[in-house]
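2 protein chains.
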Amino acid sequence: MPHHRLESLKKEVPKRIEALRSLMVEEKIEAALILQRVDLFYFTATAQEGALYVDEKEELFFVKKYAPRAREESPLEVIEISSLKEIPSFLRKKPKLLGLELDVVPVELFFSLQQIFPEAKFQNISPLILRLRMIKSPSEIELIKEAAQIASFALEKVPYILREEMSELELAGELLRLIMPKGHQEYIRMRGFNREAHSWHVLSGESGTVLSHIDAPMGGFGPSVAYPMGASLKPIRKNEVVLVDLSTCFWGYHSDQTRCFSIGKLPELLKRGYEVSKKIINLLAKEARPGFSAEWFYKKAKSFAEEEGLGDYFLGPKPYQTKFVGHGIGLEISEPPFLALGHDYPIQEGMTLSIEPKMVFPELGAVGIENTYVVTSEGLLPLTSAQEELIEVGG
Amino acid sequence: MPHHRLESLKKEVPKRIEALRSLMVEEKIEAALILQRVDLFYFTATAQEGALYVDEKEELFFVKKYAPRAREESPLEVIEISSLKEIPSFLRKKPKLLGLELDVVPVELFFSLQQIFPEAKFQNISPLILRLRMIKSPSEIELIKEAAQIASFALEKVPYILREEMSELELAGELLRLIMPKGHQEYIRMRGFNREAHSWHVLSGESGTVLSHIDAPMGGFGPSVAYPMGASLKPIRKNEVVLVDLSTCFWGYHSDQTRCFSIGKLPELLKRGYEVSKKIINLLAKEARPGFSAEWFYKKAKSFAEEEGLGDYFLGPKPYQTKFVGHGIGLEISEPPFLALGHDYPIQEGMTLSIEPKMVFPELGAVGIENTYVVTSEGLLPLTSAQEELIEVGG
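Sequences listed follow chains G and Z, in order.
In terms of this note's numbering, the first sequence opens at residue 54 and continues consecutively.
In terms of this note's numbering, the second sequence opens at residue 54 and continues consecutively.
Hints in this document: simulated from the structure, not taken from any laboratory.
A hint or two may mislead.
Because identical chains share one entry, a pair is satisfied inside a single copy or across any pair of copies.
Unchecked claim - With a straight-line cut-off of 25 Å between C-alpha atoms, the simulated SDA-like cross-links for lysine to any residue are:
#: 1; residue 1: K138; residue 2: N247
#: 2; residue 1: K81; residue 2: R342
#: 3; residue 1: K118; residue 2: M243
#: 4; residue 1: K110; residue 2: P159
#: 5; residue 1: K63; residue 2: V427
#: 6; residue 1: K371; residue 2: S135
#: 7; residue 1: K68; residue 2: R145
#: 8; residue 1: K371; residue 2: E125
#: 9; residue 1: K210; residue 2: R290
#: 10; residue 1: K371; residue 2: E126
#: 11; residue 1: K138; residue 2: E161
#: 12; residue 1: K63; residue 2: S165
#: 13; residue 1: K138; residue 2: G395
#: 14; residue 1: K147; residue 2: E161
Extracted from the complex, chain G is given alone in its bound form:
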C-alpha cells in the first residue's frame, strides 16, 4: 500500500475541520454531526463507519465499525461506540442547533437522531461541506491526476481493442480489465437519493441517442431495463461512432474523460460534431480564468455551438437538452461547482472541473469530448491526457 498518500490525507484533516468550524461560526451553526461515508472520509481520512461531531471548541470522532482500522488510518482520536445513542454522554453540552447532512440522511435515521438530541433543531450542513470540498489541495489534485492517468492509459488502448460485433459491454469489460490493476475503484460515487453511477459509459451508434433518468445528454440502453444506462449488449458496428465516457477513481478521487472512436469512416456530420466539441472544450479551457462565473462555460459553449449551426444537437436531442456543460469533480463524480445555466458564482483556483461538450445526432449517435481540469491562477490545466483526435480504426 502506498502509504505516502495516506500521510498526505492525514495532514489535511486538522485544516479541513478548522475550515468547517470557521464556516459554521459564520453561518451560526452550533455543532455538526457528519455521517455520510464520503464526507466522513474527507474530514477523518478513514472510510470506516462512524460519526464526526464538530462544535466551536472540539471534534469527537465516533466509530461503530471497524474501530481498530479507523485508528490506524485517521489522525483523530477514535472513540469506539456501538450505537449513536452513546454520543451525547461524551459531549460537554447538548447542542441546540445541530448540522446534519439532510440531503442524504434518511428519515428513519433522522428520527433516531431527534430522540438522541431532543433539545436540538437541525439544519442542513451539506452545503457548507460541499463548499469546502470544492477547493482541492495539491494532494487531492494529484490523486485526481492519477485517476485521470488510469483512464488515459485505457482510452489510448481502445483502437487496439475495438472489433466489429463486439458488444458495448464487452468493450467495457476490456476497459475494466485495463483499469482495475492500476488501482481503479470500481465504485463511482454520486451523492444523493437514487443516484447510481458507473465507469463504463460506452455508447455506440443508436445507443448514444437514447435518453434515461440521468441528467446527461445521453443515457444509453444499459445492461437491461433494470439499469437503463451505460453499456449494453448492443453489438458495435462498422461506421458507427463509439463514445467512451470513462470515469475512473483512485484513492477515492474521480476523473472523467470522454473520447470517440469508430471502426471505418464516420458520416461527415458526426465528424463535424466531434471537431466542434473539441473546439469548444479548447476554447473554454483557454479562455477561462478564476473569477469567471460557472455558467459562463455553459453559455459560451452553447453560443459557439449555435454559431457553428449545431445548436440543435448540442447537449442532447431537442427538447431534452441539458443545461450544463460540466461539473466539479472530486470525492464524488459530480459535485459543485456546476457549469450550468443559473450558476452564477465564480470559479476559483483549486477547483477541479470536468468539461464535457457533447452532441447527439438523432439516429446517428453521440459524439463529444470530456477532460478534467484544475483551475490555476493562470487558467485551466488539463489533468486528463489521452490524445484528442477522433480515431477511425481500420475499416
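Assemble chain Z onto chain G, guided by the hints.
Leaving out everything else, chain Z in the frame of chain G:
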C-alpha cells in the same frame, strides 16, 4: 435486447401492486408513495425516475424523467410530471396516512413531501415492500439463475487465469472482463444509507483476515482507504488462499457465489476450514425445508463448526464474528430473510437465499463457500453451479 424478459416482468406488475394493496389494507395504511429506484422497478417494470402512488382503489405512476422510455417499458399508464408537487392534483382525495420508504428517503425530500401532503402523517412502507419482494416468482428465479450462471462461468475460469504476483485487482479485472459481455450489471445494489457494494470481493492470504465497516466476516484491504473493502493491489502469492466472492447481477437480479483457489499447496488448517464450510453448506441445503426458521441456518451452522473444533474461526475472527450465515437475495444483494441470530420467522417457498459459511484464520486467510438457492416445497435447490472443490493450481 431479449424482450421476453421484459414481457414477463410486465405481466407481474398488476399482481405485485395488488399484493401491496392487500398488505396495506391489512396494516391500515391508506396510501403509499414509492420512490426508491429498486422498489419502483419492482412495481412498474421500469427504472426511470418517478413515483408510484397506490391507494385502496387506484395506482398512479408519475414519471419525471424519462417519460417516453418509461412508457415503452411499463405496463402502467405514465403521467409525466416535472415536480412531485404536481401529484396531489391528480388524486381523488388527500391521504391522511401515507406510506413512504422512510429507511431510504432523505430528510430534505421528506420535508418537501410534508409540504406537498400537509394533511398526511407518514409511515414506513419499506417493511411491507420487502416482505413482498422476499417471495420470488418463477421469472425472478430464472433471472437470479442467469446471474448465477454468469458467475459460475467466470469462477470456473479462475484456475486458468490465476498467476503468481498478479494483484487481487488484476484478477478482479479479469473476472469483470468475463462477466460484462454476458450482460452483468456492474452496479451491485445494496439498500440503505452508506451502503456500498461491489462484485469483486477477491481476497488473498492476509487480505481475508482484514475487517472493515461492512457486516461481513472478511472485508479486505480494498483499492484504498477511501474504499476499504474488496480486492486490493496486494499481489497473490504461492501457497496462499484466494477467496473469490463474486456477486453478479442480470436484469437487476443478483446472485452471490464464493469459491476458493490457491497457487500451490495450502496449509492443512485452511483446507480443513474449507472442507468443513462445504460440509456445512451441504448440510443446510439438504436439511432445510419451508417452515424452518431463518435463524435455524445460523445456529445449525455454528454448532456444526463448533463440533468440528473450528468455532473460533467461524464467520470471522474472535470477537468480531458475524451473527448470520446467509441472506435473502434478489433486486438487492442482501435483503430479507436474514439467516441470522434472532430472525425466528419461517423461510417459505419461493424465497431465494445466499448461504455463506466462511472461516477466518488469523495470519493465514479466509476460506469458505457461498451458493444461492431457491426454497421449493421439497427443499433448497441450488441456482449457482461452479464446481465446489477447492482448487490448488500448479505450484
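Outcome of the hint check:
{"no.": "1", "hint": "K138 with N247", "result": "between (28 Å within a copy, 18 Å between copies)"}
{"no.": "2", "hint": "K81 with R342", "result": "neither (32 Å within a copy, 60 Å between copies)"}
{"no.": "3", "hint": "K118 with M243", "result": "both (23 Å within a copy, 18 Å between copies)"}
{"no.": "4", "hint": "K110 with P159", "result": "neither (28 Å within a copy, 29 Å between copies)"}
{"no.": "5", "hint": "K63 with V427", "result": "within (22 Å within a copy, 47 Å between copies)"}
{"no.": "6", "hint": "K371 with S135", "result": "between (53 Å within a copy, 17 Å between copies)"}
{"no.": "7", "hint": "K68 with R145", "result": "within (23 Å within a copy, 55 Å between copies)"}
{"no.": "8", "hint": "K371 with E125", "result": "between (53 Å within a copy, 19 Å between copies)"}
{"no.": "9", "hint": "K210 with R290", "result": "within (18 Å within a copy, 29 Å between copies)"}
{"no.": "10", "hint": "K371 with E126", "result": "between (49 Å within a copy, 22 Å between copies)"}
{"no.": "11", "hint": "K138 with E161", "result": "both (14 Å within a copy, 23 Å between copies)"}
{"no.": "12", "hint": "K63 with S165", "result": "neither (31 Å within a copy, 38 Å between copies)"}
{"no.": "13", "hint": "K138 with G395", "result": "between (42 Å within a copy, 22 Å between copies)"}
{"no.": "14", "hint": "K147 with E161", "result": "both (21 Å within a copy, 23 Å between copies)"}
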